[in-house]
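Peer 1: The residues making up each chain are set out below.
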Amino acid sequence: GAGVSQTPSNKVTEKGKYVELRCDPISGHTALYWYRQSLGQGPEFLIYFQGTGAADDSGLPNDRFFAVRPEGSVSTLKIQRTERGDSAVYLCASSRSGKDIQYFGAGTRLSVL
Amino acid sequence: RKEVEQDPGPFNVPEGATVAFNCTYSNSASQSFFWYRQDCRKEPKLLMSVYSSGNEDGRFTAQLNRASQYISLLIRDSKLSDSATYLCVVNDGGYGGSQGNLIFGKGTKLSVKP
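One line per chain: the protein sequences are A and B, in this order. Here the working numbering is used: the first residue of the first sequence is 1, the next is one more, and so on. Here the working numbering is used: the first residue of the second sequence is 1001, the next is one more, and so on.
Keep in mind the hints are simulated off the structure, nothing from the lab. Please note: incorrect hints may appear among the correct ones.
[Stated by the list, open to error] Footprint (simulated), chain A over chain B, 3 or more residues, beta carbon under 8 Å:
| id | stretch |
| --- | --- |
| 1 | 1058-1066 |
| 2 | 1103-1111 |
[What the hints assert, rightly or not] Calculated lysine to aspartate or glutamate pairs in the DMTMM-like style (CA-CA distance at most 25 Å, straight line):
| id | chain 1 | residue 1 | chain 2 | residue 2 |
| --- | --- | --- | --- | --- |
| 3 | B | K1106 | A | E44 |
| 4 | B | K1045 | A | D86 |
| 5 | A | K99 | B | E1003 |
| 6 | B | K1106 | A | E14 |
| 7 | B | K1109 | A | E44 |
| 8 | B | K1045 | A | D56 |
| 9 | B | K1106 | A | D86 |
| 10 | B | K1106 | A | D57 |
| 11 | B | K1109 | B | E1005 |
| 12 | B | K1106 | A | E83 |
| 13 | B | K1045 | A | D24 |
| 14 | B | K1106 | A | D100 |
| 15 | A | K11 | B | D1039 |
| 16 | A | K99 | B | E1005 |
| 17 | B | K1045 | A | E44 |
| 18 | B | K1045 | A | D100 |
| 19 | A | K99 | B | D1057 |
| 20 | B | K1045 | A | E83 |
| 21 | B | K1042 | A | E44 |
| 22 | B | K1106 | B | E1005 |
| 23 | B | K1042 | A | D24 |
Backbone N, C-alpha and C define an ideal beta-carbon position, used for all residues, glycine too.
Okay, chain A solo, but in the shape it has when bound (with noise of 0.2 Å):
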């Protein structure tokens, strides 16, 4: 069946601008994940939903940083006023629920200039 699938696959932006990242999970998951992989790193987690509701936040490292999964399918993770430092690559993950397997999409490459 279908994966994660995550868009844009990448997104050049400068510095300054808004974006938004789309996440469209694993059909019937429950369990939402996003995580930052910068390079040489391990990705690092951000926020975590179970259905509509953001049960985890504690990973967004500014207010800058804000996601939402409005009808607990589809998740938005939107970046204001962006910054050099959050280029990276943003990966979402889904789950049955929130004590299996995650399995991850490709992730958005985002570069800001």
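Given chain A, work out where chain B should sit, using these hints.
Peer 2: For chain B alone, coordinates are given in the frame of chain A:
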């Protein structure tokens, strides 16, 4: 700060070699342990879960030592296709029975040469 530490490598080995990766984690509350594989510019993919009793999947063997907070991965008879970065992963202890969020090491790069 909850951390997972790995030797970044790279490990350069010939085909057929046996190679071992080690990892330590700081959060004693972690309940779930994994090895993920990540190919260049691709997403991480689950290689295997790690259990206290140790587990084996073909050429891959994983071990967990909770007392020492230490995880290992052994790859026997290395293939060219094993070349990748291997990420040691633990959950953060979770809450309310959930798996919790994953904490990744920086990864160990393996290069298998002909």
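Peer 1: Hints first: check each against the structure and report whether it holds.
Peer 2: Outcome of the hint check:
1. As drawn, the stretch 1058-1066 of chain B meets chain A at 0 residues by the rule of a beta-carbon pair under 8 Å; below three, the given contact is violated.
2. Counting residues of the stretch 1103-1111 of chain B whose C-beta sits closer than 8 Å to any C-beta of chain A gives 5, which meets the bar of three, so the coverage hint holds.
3. Of the pairs offered as hints, the one joining K1106/B and E44/A holds, with about 10 Å between alpha carbons and a cut-off of 25 Å not exceeded.
4. Using a Cα cut-off of 25 Å, the hinted pair K1045/B and D86/A holds, with the two alpha carbons roughly 24 Å apart.
5. Note on K99/A and E1003/B: the hinted pairing holds, with a Cα-Cα distance of about 21 Å set against a maximum of 25 Å.
6. Using a Cα cut-off of 25 Å, the hinted pair K1106/B and E14/A is violated, with the two alpha carbons roughly 28 Å apart.
7. At roughly 18 Å between alpha-carbon atoms, K1109/B and E44/A fall within 25 Å of each other, so this suggested pair holds.
8. The straight-line distance between the Cα atoms of K1045/B and D56/A is roughly 23 Å, inside the 25 Å bound, and the hint therefore holds.
9. For the proposed pair K1106/B and D86/A, the alpha carbon gap of about 18 Å is at most 25 Å, so the pair holds.
10. Restraint check for K1106/B and D57/A: the C-alpha separation of about 22 Å stays at or below 25 Å, so the hint holds.
11. Of the supplied pair hints, the one linking K1109/B and E1005/B holds, its CA atoms being roughly 14 Å apart against a limit of 25 Å.
12. For the hint linking K1106/B to E83/A, the alpha-carbon distance of about 23 Å falls within 25 Å, and the restraint holds.
13. For the hint pairing K1045/B with D24/A, the CA-to-CA distance comes to about 17 Å; that is within 25 Å, so the pair holds.
14. Simply put, K1106/B and D100/A have alpha-carbon atoms about 23 Å apart, close enough for the 25 Å limit, and the pair holds.
15. With a CA separation close to 21 Å, the supplied pair K11/A and D1039/B stays within the 25 Å bound.
16. Taken as a hint, the K99/A and E1005/B pair is honoured in the structure, with Cα atoms around 24 Å apart against an allowance of 25 Å.
17. For the given pair, K1045/B sits about 15 Å from E44/A by alpha-carbon distance, which is consistent with the 25 Å threshold.
18. Distance hint between K1045/B and D100/A is fulfilled; the C-alpha atoms sit about 14 Å from each other, no more than 25 Å.
19. Annotation: proposed proximity of K99/A to D1057/B holds, straight-line Cα distance about 22 Å (limit 25 Å).
20. In summary, the hint linking K1045/B to E83/A is not supported, as the alpha carbons are separated by about 29 Å, beyond the 25 Å threshold.
21. Pair hint K1042/B plus E44/A holds up; C-alpha atoms about 16 Å apart against a cutoff of 25 Å.
22. The hinted pair formed by K1106/B and E1005/B meets the criterion: a straight-line CA distance of about 7 Å does not exceed 25 Å.
23. A threshold of 25 Å between alpha carbons decides the hint, and for K1042/B with D24/A the separation of about 17 Å falls inside it, so the pair holds.
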